[in-house]
Amino acid sequence: MKALLSVKKGVALAMVLSSMMMSSAHALTVYTAGPGSLAKSLASGFEQKTGVKVNIFQATTGKVMARLEAEQANPQADILISASWDTAEDLHNRGWLLPFHSANADKVPDTLKSADFIAQGISALGIVWNTQSGTPEPKEWQDLTSADFKDKVTTPDPALSGASLDLLIGLQNGMGDKAWQLFDALKQNGMVVSGPNAQAVTPVMQGAKAAVFGAVDYVTYGNIAQGESLKVIFPASGTVIAPRPMMILKTTQHADDAKAFVDYVLSPEGQKMVADAWLMPARTDVQAKRPLFTELKVLPTQSGGTSERGDVLKRFNSLFAK
Amino acid sequence: MVLLIMLVALPLLFILLQAVFPHFSAGKLDGAFSAIPALLKAPQLPAMFSGTLQIAIGVALLSAVIGLPLGVARGLFDMPCPKLWDLLFLIPFLTPPYIAALSWMLVLQTQGYLMQLTGLDLNNLLFSKTGIVLVMTLNIFPVVYFAVSRSLLASGQRLAMVARVHGATPWKAFYHITLPLLSPALAAGMLLAFTLAVEEYGVPAALGTRSGVVMLTVGIEEKLADWPIDLPGASMLSVVLIVIALGGWWLQRKLTGDKDVTSVSGKPTEHVGARLGFVAVPVVLVMAAIGFLAVVLPGLSMAITGFSATLSGGLSLANLTVKHFVALFAQSGDALSALGTSLSLALAAAVITGLLGLCAAWLVVMQKIRGRGVMDALSLMPAALPGVVIGVGLILLWNRAFWPVSPYNTWAILLISYCCLLLPWPVRYISSAMRQLGGNLEPAARVHGASAFQALRWVVLPLIFPAMLAAMLMVFAIASRELVTSLLLSPAGTQTVAVFIWRQFEQGSVGQGMAMATLTLITGLALMLTALGIMQRGTKG
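Protein chains in written order, with my numbering: chain V, 5 to 326; chain Z, 17 to 557.
In short, the hints are calculated from the structure, not lab data. In this text, a Cβ means the ideal position worked out from N, Cα and C, and glycines have one as well. Hints are not guaranteed to be accurate.
As the list claims (entries may be wrong) - Facing chain V, a subset of chain Z residues (Cβ under 10 Å, in silico): (1) A63; (2) A250; (3) V404; (4) N415.
Just chain V, same shape as in the assembly:
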């Protein structure tokens, strides 16, 4: 009796499923980290231009990569836009990427492209400061260790945010061991580690904390446009940028559509959308609504692979563990 019931249900389910599978064929699938509104406007712009439908899976870099990894046996994504340059280098080393040179890539600086991936846009890390917090405006990373900022600073968890880990590496590369003295002083001053980027910024918006040490900037620019009393400050001593690599996966069934999509994102029209999401465009000839990385002092984050990242993270975690 029960078995019969389950079989019936199973058959019904299978029928419903197969009908759905057919309708979802023939579309471009884009996995993307970062602003969902940007992904949507790029998709609809591309659809209007070419008639090719774009399905978007948007999540954090971690979720996107976990899905990509779990799908290895039967890959689904055609294009991947990540928020972490590392992921692209790693996929390149694994040989998962399709080499492609877009005609629109000429206006992108060499440091932001390679044979099989290229920046979609760039964000930078800075101090996010609440202008109504009653604290003096910080100019430098060190300022956050002063008595004015006692127990008033948060930072995103570098274990959850690749960009945040990049900042630690950049500061270490730029300042050497002084970087660790800085982190130690921040810890002494009561800095707390919160979840991913947004979770570190929210307490600053409400005033529970006065500043974030190293937040991704474009989200905050969006908040400021909404009327929040925040300010993004890039220390003159240097910070790191986080270019967002865009790549085509070798397993794609729609290589031509995928190439056309990359072309579109790198076109002046696509780059304008990137700029409207408060990111820096990858092309040098497109206007941004915010400071460009050419105006910042950029610290080098290139590191000798994953082991150094692991070591930095471990050292940071043990510093903030207790």
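Following the hints, complete the assembly by docking chain Z onto the known chain V.
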């Protein structure tokens, strides 16, 4: 049984395989067991293990402390407006835990709403182990409340009355008769609370990192959150988590498993609650206070944030706006279609798990089929699994080239994941209700010529229907706001409510996220009210 294996056992098996074979996701079987030494070496493992255990036990105990008296009050006495209390305590399930945690943060942290209004700063209480246990308990204690009150409502007070007639004092009758009768339901409720706390991710993620408390779920999420993804490591930690949950299940079976209590003998009982008399006012006040803490306060915080133009503007009339709500309807229907998707998925999940749970509980408890221990364990297991593990397991299982048709990359995969995740609810509630049925009821029907199915339909079902309905409502509530698996499994182009809200938070639009949360809460509540109304009219008598 086939469905149960498809839903639960297979994804689990694939997680296990992934844990054993690190390259399983690529379809290779080399390097077996190489992830185990890495797991044992991980410096955080002891902290995560004890953190998880301490918090889960704390939540289970505290849930019993709050849920038992409230459930007894609801089940034994003629509370004014009984339905209202049930509804009130369903609301915590409609609120995603991470939103509850965020709401509490906005209320309690330094410069939060409480401090803006009263100057009281509870920041340090919130960001501590106690704070995590409190916030989680306020979300979870209703499982105990519902288990206890449903069981009392179903069993009636006949036996306790008998004791009273024979001269027992009310306390004695309660202690010797009612409490033992309650024990299966209480244990089942506490076990659910324990497993829910074990697998909870949102609250420890929001509050834990700042107070140095780590739980296994957070560890698993972390392994999946940054490049390079550690799929085998995450699977390994999941196995540890499953072991903890199974431990709780084993303990519960050990304590109450073989005690069957008969309280529904088939003779019609009319439920008449005992008079509360002069204690009515304090009892109602206590319930209202708990309801205020668990429901109204976080709900208010949510609504206030949704109606505030900016967070930094604080509580002031000048900061009042409806723009976040207007924006919800403006985003080319995104928010509304997410709402529609979530609600229909939740409805389907409630119906499917209700039926499946009924079958499973019936086979395990009443038919006592062989292998019922396995079946029982299988149907409980998902409660112990963090959503993200089920998500990865389902991808590993269904995204294979060898399936002729696969639900993967369609909304069906979401439905499957919800059914898998939420199946334990109906199973627990229905089987604890069934355990209270007299052992002679079903055989009596069979003797009189009813088939097993007829007996189930006409004798058992009506008696356990309140428990089943309560469980299905809970499934609906939880499914309508499930986050973690939805984040991972949503096919490209489909959004659920929770995913929508999460994206808003990620992009820094707290106000818009909270507006959506408020809207969803109200819609879900209205739908459940309607459903309750219709069903109760249909089953009168």
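Outcome of the hint check:
no., hint, result
1, A63, "9 Å, holds"
2, A250, "8 Å, holds"
3, V404, "8 Å, holds"
4, N415, "5 Å, holds"
Checked against the numbered hints given earlier, the structure satisfies every one of them.
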